[in-house]
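The whole structure should be built from the sequences, with the hints applied where relevant.
2 protein chains.
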Amino acid sequence: MNSRRNFIRIAGLATTIGLSGFETVFAGSNDKKMKPSGKGLKLRFLPHDLLLKHTFTIANSSRKTTPDMLTCLEFDGIFGYGEASMPPYLGESVDSATKFLSALDLSQFKDPFQMDDILAYVDSVMPGNCAAKASVDIALHDLVGKIMGQPWYKIWGFDPDDTPNTSFTIGIDTPEVVRQKVAEAAPYNILKVKLGMATDKEMVETIRSVTDKPLCVDVNQGWTDKNKALEMIHWLKEKGVVFVEQPMPKTAIDDMAWLTENSPLPTIGDESVQRLPDVIKAKGVYNGINIKLMKCTGMREAHQMLTLAKSLGMKVMIGCMTETSCAISAAAQLSPKCDWADLDGNLLISNDPYSGVQVVNGKMTLIDKPGIGISIIEAVF
Amino acid sequence: MNSRRNFIRIAGLATTIGLSGFETVFAGSNDKKMKPSGKGLKLRFLPHDLLLKHTFTIANSSRKTTPDMLTCLEFDGIFGYGEASMPPYLGESVDSATKFLSALDLSQFKDPFQMDDILAYVDSVMPGNCAAKASVDIALHDLVGKIMGQPWYKIWGFDPDDTPNTSFTIGIDTPEVVRQKVAEAAPYNILKVKLGMATDKEMVETIRSVTDKPLCVDVNQGWTDKNKALEMIHWLKEKGVVFVEQPMPKTAIDDMAWLTENSPLPTIGDESVQRLPDVIKAKGVYNGINIKLMKCTGMREAHQMLTLAKSLGMKVMIGCMTETSCAISAAAQLSPKCDWADLDGNLLISNDPYSGVQVVNGKMTLIDKPGIGISIIEAVF
Numbered sequence: 000m001n002s003r004r005n006f007i008r009i010a011g012l013a014t015t016i017g018l019s020g021f022e023t024v025f026a027g028s029n030d031k032k033m034k035p036s037g038k039g040l041k042l043r044f045l046p047h048d049l050l051l052k053h054t055f056t057i058a059n060s061s062r063k064t065t066p067d068m069l070t071c072l073e074f075d076g077i078f079g080y081g082e083a084s085m086p087p088y089l090g091e092s093v094d095s096a097t098k099f100l101s102a103l104d105l106s107q108f109k110d111p112f113q114m115d116d117i118l119a120y121v122d123s124v125m126p127g128n129c130a131a132k133a134s135v136d137i138a139l140h141d142l143v144g145k146i147m148g149q150p151w152y153k154i155w156g157f158d159p160d161d162t163p164n165t166s167f168t169i170g171i172d173t174p175e176v177v178r179q180k181v182a183e184a185a186p187y188n189i190l191k192v193k194l195g196m197a198t199d200k201e202m203v204e205t206i207r208s209v210t211d212k213p214l215c216v217d218v219n220q221g222w223t224d225k226n227k228a229l230e231m232i233h234w235l236k237e238k239g240v241v242f243v244e245q246p247m248p249k250t251a252i253d254d255m256a257w258l259t260e261n262s263p264l265p266t267i268g269d270e271s272v273q274r275l276p277d278v279i280k281a282k283g284v285y286n287g288i289n290i291k292l293m294k295c296t297g298m299r300e301a302h303q304m305l306t307l308a309k310s311l312g313m314k315v316m317i318g319c320m321t322e323t324s325c326a327i328s329a330a331a332q333l334s335p336k337c338d339w340a341d342l343d344g345n346l347l348i349s350n351d352p353y354s355g356v357q358v359v360n361g362k363m364t365l366i367d368k369p370g371i372g373i374s375i376i377e378a379v380f
Numbered sequence: 000m001n002s003r004r005n006f007i008r009i010a011g012l013a014t015t016i017g018l019s020g021f022e023t024v025f026a027g028s029n030d031k032k033m034k035p036s037g038k039g040l041k042l043r044f045l046p047h048d049l050l051l052k053h054t055f056t057i058a059n060s061s062r063k064t065t066p067d068m069l070t071c072l073e074f075d076g077i078f079g080y081g082e083a084s085m086p087p088y089l090g091e092s093v094d095s096a097t098k099f100l101s102a103l104d105l106s107q108f109k110d111p112f113q114m115d116d117i118l119a120y121v122d123s124v125m126p127g128n129c130a131a132k133a134s135v136d137i138a139l140h141d142l143v144g145k146i147m148g149q150p151w152y153k154i155w156g157f158d159p160d161d162t163p164n165t166s167f168t169i170g171i172d173t174p175e176v177v178r179q180k181v182a183e184a185a186p187y188n189i190l191k192v193k194l195g196m197a198t199d200k201e202m203v204e205t206i207r208s209v210t211d212k213p214l215c216v217d218v219n220q221g222w223t224d225k226n227k228a229l230e231m232i233h234w235l236k237e238k239g240v241v242f243v244e245q246p247m248p249k250t251a252i253d254d255m256a257w258l259t260e261n262s263p264l265p266t267i268g269d270e271s272v273q274r275l276p277d278v279i280k281a282k283g284v285y286n287g288i289n290i291k292l293m294k295c296t297g298m299r300e301a302h303q304m305l306t307l308a309k310s311l312g313m314k315v316m317i318g319c320m321t322e323t324s325c326a327i328s329a330a331a332q333l334s335p336k337c338d339w340a341d342l343d344g345n346l347l348i349s350n351d352p353y354s355g356v357q358v359v360n361g362k363m364t365l366i367d368k369p370g371i372g373i374s375i376i377e378a379v380f
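Sequence order for the protein chains is V and E. Just so you know, numbering that gives the first Met the number 0 puts 67 at position 68 of the first sequence, and the rest follows in order with no gaps. Just so you know, numbering that gives the first Met the number 0 puts 31 at position 32 of the second sequence, and the rest follows in order with no gaps.
No lab work stands behind these hints, which were simulated from the structure alone. Some hints here could point you the wrong way.
Intra- or inter-copy, both count: the list cannot distinguish identical chains.
Unchecked claim - Think about it this way: if two alpha-carbon atoms lie no more than 20 Å apart in a straight line, the pair counts; the simulated PhoX-like pairs of lysine-lysine are:
id	residue 1	residue 2
1	Lys280	Lys309
2	Lys109	Lys368
3	Lys282	Lys309
4	Lys227	Lys200
5	Lys145	Lys109
6	Lys38	Lys109
7	Lys63	Lys180
8	Lys145	Lys368
9	Lys200	Lys236
Every value quoted in this text rests on a predicted model; they were computed, and no experiment measured them.
Okay, here's the thing in structure tokens:
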């Protein structure tokens, strides 16, 4: 397996890069007495390209892999795991994440519980780099949850029985491939369809020819005419679609507010809603928001966005990129309070080094296991 | 000590009342095999009138005691403590709290971590009763924090070094008593003055004759003319006041928005802001909000209000009623993320059965102790 060999080689290289600057923290046991407060958080990271089972096509691009960075945060012999998934259209890369993570000095933090300070520091080091920031946030949550001996859905007081159905995404493809994907999606109770091309109606009709399961629709900013968009939404409603995600360009705010006001289906902002300050801006423009850890720098801000959106009476969807079970299990911790989940990213890849949250009868099923609740299938660090 | 004897007598009575309906839960060990899921949360409660060191005068009333109800929530041999403080003007009483708490069936909840479900149930049983609801919420937080082995400020990821100075309240009184109170307030770096009567300027001048410490002002809706209010705020600014709380009646929304727009000092809504939905309504009307556990049903909703207010760019003050160290220590868990604290309620009473958060050099000082971090000084349950 050539990909496996490459994986190990790249991993070794990155570990070397990643540890530069941190080795002095654990220079030797003799130092302990001289530096009683020297024990801080220790970060490791390594790239791990995700191999997609199917070529993935959305409105503007298609690809076979997703660049990804795995992280590990150590404190007092306890390890927390995180991840940055970086689909190219978001502007991050293994290079940018390596640069960002190498610039962090987490050894200055002697108490992992000070998540507010730690993550404010991480956010302050450079602008952007949201996925790279999320990779630290997720690892920190995993670590702190393990110290408390509880999974985050319990720490947050959520009922694991409240998790929603999760949708399975069907990309834009030939009718034959689409039918095959729908068959693969048998365990799911709701399907997500990527639209925004000339073939939208054909795509929906193809799916409808093989299943009558509820659909949700993600247009990825693909529609530019609000009247045509409204007409399309009326048609989609007849076809059993339950909501429409990011139908228009994120810059088309007035048109989008008009569409939401007139739409017979709820509208959800995705590309329009990255971080916490975007939630209040989305009020009145969309009926709900799609929270993704890779957009919003991780679980802490995601939890705040969820709290804010719910208090504003908005719907919340928890989404993902193509990710390993690490980030998917992290996002799933929030899912009991979300209206919809779209956490199928780990099921689209063939080289997941972790296992975690499972889909049982179409529903996210949380595990009563500390932190983000993952197990290591293939040792990475 | 007659008051102590009365306390015990009332306590015994209330415990009997409080346990009716719950005794069947622990009917006997023989039942255990027949009811494997029968172990639920067990609530006890008893009234404990708080004795005030000084007669307390605000704009509309004065009193020497505050009715209070202490609660204890047990699960699996672990005890969590809570409290409802019920100053008469808020409309709750020992009778209403007894009725409310007796109506709860918490034995149906087998997992204290399901705080969302438990507290949604508590909130749904009757409208109002916010302090009584807070007494359950606080006990549940204490219990769950103890199960996790961590104080809530750590669970929430706050930095205990970030706690603000806490203000010490000086009630409306004669110049002689005011001077005496200011002397008592020596350990504090900021004083809170209750205004809203004809003697406002005299009151501030009296305080200024003995100290130049920063002041904050609580008018308790006492000013009705917006122009006079603005004039007064300008005068107060010259006197070293840092913010003005609830200057006008809570119904005077337009006048208040005008005052906030023109005020040289930040304005804070207190009576105007009870629960989570009030936060968004306060945006544009006040610069900030005063969160009190007894108004908002407890720590869970208070944490959500804090998150919401901060994401809306508003200032947050954490306040209290006259309370024991129980509710004060619970509120203090939130204080590192607040701009101002006004948590002196336990210092105003002479029969505090608990000890918890301390004021050191004028600052709230959190204790690294699980739950809300209190110790029992006088066994109550």
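Enumerate the violated hints, using their earlier numbering and listing them in ascending order.
none
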